[in-house]
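Combine both chains into one complex, guided by the hints.
Residue strings, one per chain:
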Amino acid sequence: MIEFKNVRKAFGKRVVLDDLDLVIPPGKITFIIGKSGEGKSVTIKHLMGLMHPDHGQIIVDGEDITSLDHEQLRLYRRKFGMLFQNAALFDSLSVGENVIFPLREHSRMPVPSMLERVEEVLSLVGLPGIQHKYPTELSTGEKKRVGLARALVTKPKFLLYDEPTTGMDPLVSEMIDGLIVQVNRDVPGVSSIVISHDLKAALATAENIVMLYQGKVALAGSPDEFRKTKDPVVRQFFSGRVEGPMEFL
Amino acid sequence: MPIRTAEIAVNWLGVETTARLIELGRFFVYVADVLKQTFRHPVRTSLVFQQLEFIGNQSLNIILMTGFFTGAVFGLQIGGIFQIFKAEGLMGAATAKALTRELAPLMTGFLISGRVGSAMTAEIATMRVNEQIDAMEAMAVDPVNYLVVPRFIASVAIIPMLCIVFIFIGVIGAYMTGVGIFRVDVGIFIEKMTQIVNTRDIWNGLQKSVVFSVLMCLIACRYGLQASGGAKGVGVATTNSVVVSLLAILGCDVIITYLQVKF
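Just so you know, the protein sequences line up as chains A and B, in that order. By our numbering, the letter at position 191 of the first sequence is numbered 738, and the numbering carries on one by one without gaps. By our numbering, the letter at position 223 of the second sequence is numbered 297, and the numbering carries on one by one without gaps.
Keep in mind that a hint or two might mislead.
Far from chain A, by Cβ distances over 12 Å, these chain B residues were calculated [stated by the list, open to error]:
id	residue
1	Arg78
2	Trp86
3	Ile207
4	Glu211
Short derived list, chain B residues pointing at chain A, Cβ under 10 Å [said to hold, decoys possible]:
id	residue
5	Gln151
6	Glu197
7	Gln206
8	Ala214
9	Val215
10	Asp216
11	Tyr220
I should point out that these hints are in silico values taken from the structure, not numbers from a laboratory. Just so you know, even glycine gets a beta-carbon here, dropped at the ideal spot from N, CA and C.
One chain only, chain B, in its complex shape (with noise of 0.2 Å):
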């Protein structure tokens, strides 16, 4: 009986390993379908606008809100243990170091998953549960080059920007706290940050910031060209998209900062 249950057992682990790796597989085929796409005549430019607008003016409140109580909170927060060994003065390039490296990129890259690619995975999904992206194959159009393709010029476009001004807002944050509530000098504040952040640091930060931009067009639009069952499908394309957005965003942020340390 036990050996049976351990035939079973890995049975099911071989199909299910080979069903994850044939989908892995399609997805490779979709992301150099976009590629490929995305450098071939005619640019959609007016999908590429609308697409800029949606994504970067849209989500500029948001971030622009989230960075600002982010460069704050991790302030006060680093500012009181600096307060111990009186050393204050480093708040300010403590928090725009960890914002450009890490929290600018990885904020944003949440952000825009939730607001963004739900947005996308959602209207993509409707357009599929409704015959429309069928309709667009039925009248020769390839929905990649459509649908996703002035997505992705558009994420990988304005993402990065997102990230600046998410930094950008976050020192402002600090600065308040540190100058108002912390006391530290203006002149040994911006001194400080301006001699320990440098521009590597906020080229890795970009770094990070178009690779997750990527991740989350991709993953969003492909749970939406996948999804099937109605209304439900729909809800279902959404939430898998967003929390596999999430994780491969985490995922990957562990290997390029391996990289960026390393190298």
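The shape of chain A in the complex, shown without the other chains (with noise of 0.2 Å):
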């Protein structure tokens, strides 16, 4: 499980965390929504202990990951894999190398058994034999699933999603809200976090959501809550209206 307690971040004097309170359930498919610069990265970011907050705790899997040194966060960071938005994937390395790249820093196995894995991943996500290509041979929606075989080849705890279907066109969004979807069924024991805008595939896909608004939580529920609500601020999320109680940058 993973626990946010009184987390606070500030970049000068704009507080992006106030204070954040949040917790996200093991074994499900969590999407924590909300609009542009309401730190949803910046949360992701903390778990990943690729940033510290100026107060709090985050705990994950009853540790307390804000008072890890720098060896130990490296060796934290293992349990988890990340889909980034535009997969950044490698450009000077092969398809399969970039598959293998986790497992080449990480792993001890034989390179015969890390070749299969790969092979392994990249079936699971509907690529099998492509190794050899490049990135910038593939499509936008086939870089995305060469990133998430990368992200799952270690067979990691976490898997982290961040905007995996902005800028995509609605078939590939489905793809990828399929796969998502898909690999949290096929993997056991994963928890699969989604940083989206996109609330249809928010009420589609998730067994859990999350809004964050103002640095804290607004909502946090299951689909149906988020349907049934009568919260102002997610309601005018919900519709798009830029008539509410949110406020616009």
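This is how it looks when you write it as structure tokens:
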């Protein structure tokens, strides 16, 4: 389980996380939603140990990660796999080299087993046998799937998706959403955390949704709770209206 | 009113100075990190060899051409002056002395900053703005260890060798102008050169070359890692990296030369 307790983060005078309390249950698909600048990416960076809070605790599996040193954080990050917004594949490496990269760095598996694992995860994302291709030869959707294969290859406990469908056409978005569900179903014990603006995807895919507003949780609950809520901020966000209590920058 | 203006000026100066000092402090922390990781297992041998090929092998042509022309031009300039005093025989020695102590390490440093330093910054900066370095960190791989250390090891190993090549080819350039244009006797050219240029000169030149290679690599990679703001940010980082590298090389050249002359 992941728990943010009283986490505050400010950049200069701008408070992004304002004593945030947040719980992410294990083994589920959790969507973190909110308008731009509400601290979704900052939250995920705190979770990865890439940013440190001004104060507060981040408890992951009973361990407060804010007290870990550089080396401990490096080991801690091995629990995570992350799919970046633009996949962030290494241009100079082939698909196979990209996917095998975290294994080469951290695993003591023999090379044939690593290659087998690469083939296995590429098949899982529906792209078997493309190890020799380079990222420039792939479509945006394919890049995302290779990025997901790379995130999955080390069998992480937590899978993070940073706006996986932003800028995608509806078909690719649907395919990525399907993959999120499929991976969470097929990979035992994995918890998926998705940062997104895509409300339709959140309602269709998530088991748990957290909405951030002004550095705090505006509402956390199941998609049904979000559909039924009368909270004016959540309603305005769902309806996409400019008029309402939510401030726009 | 003038008091208010002075107050603002002092305040601005204080803020700017503090910001520069903080940046300098961060740079030293980064340097310490690079040095610490250079001696830490595992050394990424294949990446080091890739960089040796890129820095050394791919820079060889430009070093050969520049070295030859520099030696030839320096020989022509100095030969003309020595001719007035009927001392053309010394032109080889003077050119070799200048090449070993100053011209070769400085010109190599400049050329490598322009060719290799800019490429290092652009490559790492592109990786930074495309989130590839974030991805590396997310995969628990230290970007300094993966990207900077192999470049650092390769730079320190190969740039002094390029400097030696520069000296050698520069002397050939000077020899061709001396013997071909000023009709200096071959035996005198070589004898005077071996008499005046000693191993200490070569050693002093190599010391400079090592320092310049360290500066070039550390600055280039630092600007790359700090880049932000898309394609424009990559351009800004690359330009700044080359400018700062050249200035740092020139500044250090003065200090090293002073120390070498004094001690």
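Verification of the supplied hints:
1. Arg78: 24 Å, holds
2. Trp86: 18 Å, holds
3. Ile207: The assertion about B/Ile207 is violated, with a minimum of 9 Å to chain A.
4. Glu211: Not fine: 6 Å to the nearest Cβ puts B/Glu211 too close to chain A.
5. Gln151: Hint on B/Gln151: violated, closest Cβ of chain A at ~44 Å, above 10 Å.
6. Glu197: 8 Å, holds
7. Gln206: B/Gln206 check passes; min Cβ-Cβ to chain A is 5 Å, inside 10 Å.
8. Ala214: Given a least distance of 4 Å, the restraint on B/Ala214 holds.
9. Val215: Holds, because the Cβ-Cβ distance from B/Val215 to chain A comes to roughly 5 Å (cut-off 10 Å).
10. Asp216: 7 Å, holds
11. Tyr220: 8 Å, holds
The structure fails hints 3, 4 and 5 (numbered hints given earlier, in ascending order).
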